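A.B. asks: Sequence:
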Amino acid sequence: MSLMTIFLLISQFSILADEDNLIDKTCKQTPFYDLCVATLQNDSRSASANVSGLGGIMVDAVSVKATELLDHIQELLKRTTDPMVKQSLKECANIYHVVRDADVPQAAQAFAYGDYKFAEQAMNDAANEADICQRKFMRSPLTDWNKNEHDLATVAASIAKLLLEGI
1 MSLMTIFLLI SQFSILADED NLIDKTCKQT PFYDLCVATL QNDSRSASAN
51 VSGLGGIMVD AVSVKATELL DHIQELLKRT TDPMVKQSLK ECANIYHVVR
101 DADVPQAAQA FAYGDYKFAE QAMNDAANEA DICQRKFMRS PLTDWNKNEH
151 DLATVAASIA KLLLEGI
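The letter at position 25 of the sequence shown is residue 25 when you use full-length UniProt numbering, and the numbering goes up by one with no holes.
Just so you know, the hints here were simulated from the structure itself, not pulled from any lab data. A portion of the hints provided could be inaccurate.
[What the hints assert, rightly or not] Keeping only pairs whose Cα atoms sit at most 25 Å apart, straight-line, the calculated BS3-like set for lysine-lysine is:
1) K136 x K25
2) K86 x K25
3) K90 x K28
4) K147 x K86
5) K136 x K90
6) K28 x K136
7) K117 x K25
8) K78 x K90
9) K78 x K25
10) K161 x K78
11) K28 x K78
12) K117 x K161
13) K147 x K161
14) K117 x K136
15) K161 x K28
16) K90 x K147
17) K147 x K136
[To be verified] Quick list of the computed label-pair ranges, beta carbon to beta carbon:
18) R139 x R45: 18 to 28 Å
19) E165 x N94: 25 to 35 Å
20) L164 x D82: 36 to 46 Å
21) K86 x Y33: 18 to 28 Å
22) N21 x L164: 13 to 23 Å
Predicted, not measured: the structure shown is a model, and the values here were computed from it. By construction, the Cβ of each residue, glycine as well, lies at the ideal position given by its N, Cα and C atoms.
Could you put together the complete structure from these sequences and hints?
C.D. replies: Structure, rendered in structure tokens:
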């Protein structure tokens, strides 16, 4: 193996270690470390992202989860006969439309422009909306979904707060 090949391999490992280090360092300062790390390591954009970029990636994960939730709610509405459950599902659908169509774009734009207070507020709103949906039911068919959406949004809000504090 040539000296140049060895140098390139070492450089690649060093770059990968730096990427993982930024993810680890950032996620350690959020309330849901494992979810944060798993989400960011699962997205190839994390490799070249700074902390603000990691926040934007988390916002995208919130958007994806909101869309999945809306699809799941539509499936549940087709199968549900209980009128109270149907009404609660419809209210949750409205909530997740707000998350996807208002909170997410606001947070994404705020991260892009460095307006981290608005990013934090939008993602805190998304987390609160997941809690509101959960409380619509006596026994929610969306508990795991709501918790995951809440936790993703909380991580995104935490990253925005870190940036506000100038980590």
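A.B. asks: Of the hints given before, which are not true for this structure?
C.D. replies: Per hint list: 1, 2, 3, 6, 9, 10, 11, 14, 18, 21 violated.
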